[in-house]
Each structure stands twice: as C-alpha cells, then as structure tokens.
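2 protein chains.
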Amino acid sequence: MAEANALPLVVLSEQFAKLPGIGMKSAQRLAYHVMGMSDEDANAFISAFSAARKKVHACRVCQNFTDREICPICSDVRRDHTVICVVESPKDITAFERTKEYHGVYHVLHGLISPIDGVTPDKLRIKELLYRVNNSEVSEVIMATNPTVEGEATAMYLSKLLKPLGIKTTRLAFGLPIGGILEYADEVTLYKALENRNEI
Amino acid sequence: MAEANALPLVVLSEQFAKLPGIGMKSAQRLAYHVMGMSDEDANAFISAFSAARKKVHACRVCQNFTDREICPICSDVRRDHTVICVVESPKDITAFERTKEYHGVYHVLHGLISPIDGVTPDKLRIKELLYRVNNSEVSEVIMATNPTVEGEATAMYLSKLLKPLGIKTTRLAFGLPIGGILEYADEVTLYKALENRNEI
Chain Z
-3 MAEANALPLV VLSEQFAKLP GIGMKSAQRL AYHVMGMSDE DANAFISAFS
47 AARKKVHACR VCQNFTDREI CPICSDVRRD HTVICVVESP KDITAFERTK
97 EYHGVYHVLH GLISPIDGVT PDKLRIKELL YRVNNSEVSE VIMATNPTVE
147 GEATAMYLSK LLKPLGIKTT RLAFGLPIGG ILEYADEVTL YKALENRNEI
Chain D
-3 MAEANALPLV VLSEQFAKLP GIGMKSAQRL AYHVMGMSDE DANAFISAFS
47 AARKKVHACR VCQNFTDREI CPICSDVRRD HTVICVVESP KDITAFERTK
97 EYHGVYHVLH GLISPIDGVT PDKLRIKELL YRVNNSEVSE VIMATNPTVE
147 GEATAMYLSK LLKPLGIKTT RLAFGLPIGG ILEYADEVTL YKALENRNEI
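For the protein sequence lines, the chains are Z and D, in the order given.
All residue numbers for the first sequence refer to this note's numbering, where the first residue is -3 and numbers rise by one.
All residue numbers for the second sequence refer to this note's numbering, where the first residue is -3 and numbers rise by one.
Hint data in this document are derived by calculation from the structure and do not stem from the laboratory.
All figures in this text were calculated on a predicted structure; none of them were measured in a lab.
You can take every hint at face value.
Since copy identity is lost for identical chains, a pair holds within one copy or between any two.
Below, simulated BS3-like cross-link-like pairs (lysine-lysine); rule was C-alpha separation at most 25 Å, straight line:
| # | residue 1 | residue 2 |
| --- | --- | --- |
| 1 | Lys21 | Lys51 |
| 2 | Lys21 | Lys50 |
| 3 | Lys14 | Lys119 |
| 4 | Lys14 | Lys50 |
| 5 | Lys21 | Lys96 |
| 6 | Lys188 | Lys164 |
| 7 | Lys87 | Lys50 |
Only chain Z is shown next, with the shape it has when bound in the complex:
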C-alpha cells in the first residue's frame, strides 16, 4: 500500500478518514479528488475552511455558531425571547427553523451528558443556560434533545436544575411520526403514542 501511494497522499487520506462518516476507502477517493482539483477550487476549499474556523464562534447568548457577537436569532426582536428551546447541536436549530412554526429562541448545549464518553454536565453549555434563565425573563424551557438515552438523561438533568427556579420545563412530544406506518412502528414509540393519546 505505502509503496503504491505517495506519503503525502496517505497522510491526506488519513486526515479525511478522521472526519465523521468517512471510511478509509472514501477518504482515499477524496484524497485523489483533491489531487485533481484546479488551483482555484483547492484555494476556495482552504479559504472556506480557514474562514469558518476564524470567523465563526459561539453566540454569546444561545451558543449557536455565528460570525457576529450575537446571532441573528438572538438579536431578532420579533422572536419570543421568553421561550428557550434547548438543543444538542446547531444543526438541530436548522431543523426547527425549517418547520417555520417556532418563534422562540434557542440554546445549544454542544453535546449531551454521557459519562461513558467523558461528557459530564460541566462540559456542556449549561451554566450559560442558567445565566440566561436567571438574568432574563424566561417563561418556558423546551427540552428538545433526541429521544435517546443521553438525550433523555440530559433533559431530566436540566429539568431538575430548572424546576426549583420556577421555570416551566417541557419536553418534545413522542409518538408516531406523521406519514409513518403503524405496523412498522417499534414498540417503545407505539407505547409512547398510546400513553400520550389525545382526545379528538
């Protein structure tokens, strides 16, 4: 292998393989692709990489990635700043914004509590959330973490911190996905759908 490939190409493949969701074979393909890029394309890639690293940082308020001091959502006066939707990562905000139905603000934890992976509560942006709750008018905090073990644990942990402060904490509803087929629903989802049934 090492004989057939120039060392700098092997190193670049290894770097690509470190990225999430990219295996060794795709990584090699990407490295070869880089070799075939025009100078213009290669420079555009490098510039975009460096610019994102240099200019983008966490919003001082909600911790979402932004290139301003306070992100566009946090500085939007038309949004309801008393409702905070707590999410694991910035991409979850994109998902909520796509619904066009949420008009509150967000708080990005940048991870979920997972002691096995060494992610203890102090590694997340929890104190920033507590600061917001203590220093601005907040009527509701929505726990919008994934319905996984870590997501549930984090939601429980936060609600235990927030309830004593008199803050209403809510959790996303779980049930059948719209367009889903009952026959293929797993038993936990079906149980949740049954448990949380609503009168019609």
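Based on the hints, put chain D in the right spot on chain Z.
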C-alpha cells in the same frame, strides 16, 4: 436556513458538498465537525491538504501520483518493466498491488475516453504510454480498465493504437467473481463466464 447558519459555515458546507460522494446533509455535518476541531487537528488537516497538493505530482514514467520524480514502482529494478498494466486511476494500482501477484509496472490514464463528458483521447495520458512503448522494451500491455462502456471503449482504442506497433495487448478476464453466487450473476457476466470457459 441562512438565518440559522453563519455565512462562513454555509460556504464551508458548500465546499464539502462539492467533494465526490458527499451530499448537502453530510457536508453540513462535516462543517459543524470542523468548528469543533482542536486547533491542532484543524492545522493537521490543512497541512495535509496543502502538502499533498504541493508535493505530489504525476510520475514522469507511469503518471501515478508520487512525491518523487519517478515513483517507487517505476524505480523498482525487481519489477518486470516489459509488462505494462494500463489503468484508469491511481487507486486501481492500489487494488492490483493488494493481490501481491502482479510484478510488472503500470500506466495511469487519469480517466477514460468519454466524448459525452468531453473526455477525448488527447485529455488522457496516452501519448506518454506511446512514448514508453516506443522508447523502452515492452512485451505486453494489459488493458485493465473497468468493464464499463467507457472502459471497453478506451481498451479498444488503445489496442488499435498499439497492435500496429507489434505490441501484444491483452484484456483482463471477465467472468464470475470468486465467492459469487451463480444465481445472482447478471446475464452479461454469466455469458462472459461461459464464453471464456477453460478446460479443467
């Protein structure tokens, strides 16, 4: 969308999405991953990218990627330099080297003839192959392009160029893959396996 994401992150996502096999969703995930990289990891990535672009170029003989003037395979005196295996891309060399059974040398075309995509024979490293054939002792040229329309067309085109020069040109065998199941073989493969049957 644009409101929820900082512009430099959108630009970086778009750059990742330009890479082969990476969709818009993975691209966004990669961009977020880049934001979470340590400075050390980010610099290692950028260095690997730049080093590969700067130091790696085509071997003067076989056109494979190398960081030397002549690649390790072409400069290996233990290999049979009279047999040239013609491949589409450098990654095909890795595949042949993995068999540990081929001891000749290679020639990388860097593409296949495909007029629809604007790839005419002059865009490939064909004149470099003809130069080798004319200026060194070559007993056999193996056409090792993929069994696709473009691969077949390129193999035919090259054999027509090489035969008048008195060079033996061969083509990889096609048939059932080892470990494959007859029932699931497509008809063209099965026909090739039947047509090229050998006495046992």
